[in-house]
Amino acid sequence: MRLLPQLLGKAVTGLMRLLTGAQARWVGCGPAPTQRIYFANHTSHGDFVLIWTCLPPSLRAMTRPVAGADYWLAGGLRRYLITNVLNGVLIDRDKATRTRDPIEVILAALGEGWSLIVFPEGTRNVGAELLPFRSGIYHVARQRPEVELVPVWIDNLNRVLPKGDVLPVPLLCSATFGTPTRLREGEGKDAFLARLCRAILALRPA
Amino acid sequence: MIIQREAVLLFAGLAVVLAVATAIGWTLKRFLAEGAPHPTIDNLNARINAWWVMVVVIGLGAALGRTALVVLFALVSFFALREFLTLAPTRRGDHLALSFAFFFVLPVQYYLVAIEWYGLFAIFVPVYVFLALPILAALRSDITRFLERTAVVQWGVMISVYCISHVPALLMLQIPRYEGRSLLLVLFLLAVVQASDVLQYVCGKLFGRRKVAPQLSPSKTLAGLVGGAASAIALGAALGRLTPFGVVGAAGIAAVIVAMGFLGGLVMSAIKRDLGVKDWGAMIEGHGGMLDRLDSVCFAAPVFFHLTRYFYT
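Same order as they appear, the protein sequences are chains A and B.
Quick note on my numbering: the first sequence kicks off at 184 and runs consecutively.
Quick note on my numbering: the second sequence kicks off at 3 and runs consecutively.
A portion of the hints provided could be inaccurate.
[Claimed, not checked] Not close to chain A: a few residues of chain B, all C-beta gaps over 12 Å, as computed:
| id | residue |
| --- | --- |
| 1 | L16 |
| 2 | W28 |
| 3 | L34 |
| 4 | E36 |
| 5 | L46 |
| 6 | L89 |
| 7 | Q176 |
| 8 | V200 |
| 9 | L244 |
| 10 | V250 |
[Said to hold, decoys possible] To give a feel for the contact side, a few chain A residues facing chain B, derived at Cβ under 10 Å:
| id | residue |
| --- | --- |
| 11 | R342 |
| 12 | D348 |
| 13 | P351 |
| 14 | P353 |
| 15 | L354 |
Don't read these hints as lab results, they were simulated from the structure.
Predicted model, so just to flag it, every value in this text is computed and none were measured.
Heads up, the beta-carbon is just placed ideally off N, CA and C, and yes, glycines get one too.
Produce the entire structure from the sequences given, and follow the hints as far as they go.
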């Protein structure tokens, strides 16, 4: 890795620590170098940076966030960060204009051995309950049943930078990692998605 | 050079005390717990280890001089405010007020300490900031629980920024025949408050039975309070030579510091129970958060500052 992106990576995680404390709570599993898909609730643009910061550096180097191309390619700095520093897997969320199917892009990244961070809600959620999950994670799990699916609850980050505000305020945030799961034999799409949703909600602090 | 020698002696004494504590902790773990996990002993050892870190950090701040100490306590305030506002039930409409507290109030308050502008330092938060915070919240037009939210942010700033800033503010006091030695006042305050906390904990664990505030703070016992307070006041008297107060004066002031520290601990416990948590955070292993370690300092520092300023300058 070149020097500048590496330094910027340190700056990004350092800033995240200063702002939020970035407390990692490994409840259902430990930080292990197995291939995983971390799936989390989505409330803020900082969500995957928080998860990324919570991972030990060795795991961080093998984990890529799956991000919406429409947002991350919109500005010069954003584009540089997501491609060079955060090493994102960019997917096009617009069905009408896209040239590659997101599932295909994600499967290609898994095929290269990367772990991934995904947000099955698909968009930032401002409400208290989770939005209905997109079906993408089901199709990925069916094609790659051996990859561990790790539920993650991101706590408090929506207060740090609410949708529509520009200046973040420093408040303590945590990422809670739950028990890894997989697609079960004969499990249907709706049952699977509902189970993943419950797995995230179960990690929410009382 | 006198100042350095006295401060060095104080830190050397602390190192000896911590070394003894470490040895005791190690012995307890080895022979009483026989190496197995033991909640009380493990917590004791975590606390002792954290004390080493805290003493080294304060020592470095003191050795590097005035500015370093001001910056150090600005950081302490930052972590304390972050803990307080994390648990505070604020809403989206408070975002502007929260940004203001972190990025304007905190740096300005410590800048005033650094340039020794006492007049504005004393009124900046209680007058200007207390009026500005509700104005900023009102601009967002969210009336839900408005009074409660305003009070919570004001209290957070009061405790975490205003009160804690009185520790480095001791450096600005000009005491006749005590020129250039005010760093010792900082060390005196911290030593007495923290010794009182530690000795209350030790006496409570050894002899304590009757709880003094079962609803607020179940770990505080009468024996702990009496034994801890008496020993901390004795320590204050013993450190009297470091202060401009004399031995009797130092004992009296130590008594006030200990009382404020204890009562401050009670208030902060009440706030924690109200918010439904046991600790403010998890920053300092064995102790909880920054505010768990500093709750008594928050209440003791302003009173110590003003007593010293009124009677000795």
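Against chain A, does E36/B hold up as non-interface, every C-beta pair farther apart than 12 Å?
-> holds (27 Å)
**OP:** Please settle this one: L46/B was flagged as non-interface, so is its CB more than 12 Å from every CB on chain A?
**Re:** L46/B clear of chain A: closest Cβ-Cβ about 23 Å, beyond 12 Å.
May I ask you to test the interface hint for P353/A with respect to chain B, counting a Cβ-Cβ separation under 10 Å as satisfied?
holds (5 Å)
Against chain A, does Q176/B keep a CB gap of more than 12 Å to every residue? holds (35 Å)
Is the shortest C-beta separation between R342/A and chain B less than 10 Å? Nearest chain B Cβ about 7 Å off; hint holds.
Exercise for review: Could you check that no beta carbon of chain A comes within 12 Å of the beta carbon of W28/B?
Suggested key: It holds; W28/B is separated from chain A by about 28 Å at its closest Cβ, greater than 12 Å.
query = Non-interface claim for L244/B: all C-beta distances to chain A beyond 12 Å?
reply = holds (35 Å)
| query | Minimum Cβ distance from D348/A to chain B below 10 Å? | reply | holds (5 Å)
| said: Is the interface hint satisfied for L354/A? The criterion is a beta-carbon contact with chain B at less than 10 Å. | reply: holds (5 Å)
Practice prompt. Tell me if P351/A is really an interface residue toward chain B, meaning its C-beta lies closer than 10 Å to one of theirs.
Written response: holds (8 Å)
- 12 Å cut-off, C-beta based - V250/B kept clear of every residue in chain A: holds (44 Å)
Can we trust that V200/B is non-interface, i.e. its beta-carbon lies farther than 12 Å from all of chain A?
At about 26 Å from chain A, V200/B clears the 12 Å cut-off, so the statement holds.
Figure legend: structure checked against the earlier numbered hints; the only hint not met is number 6.
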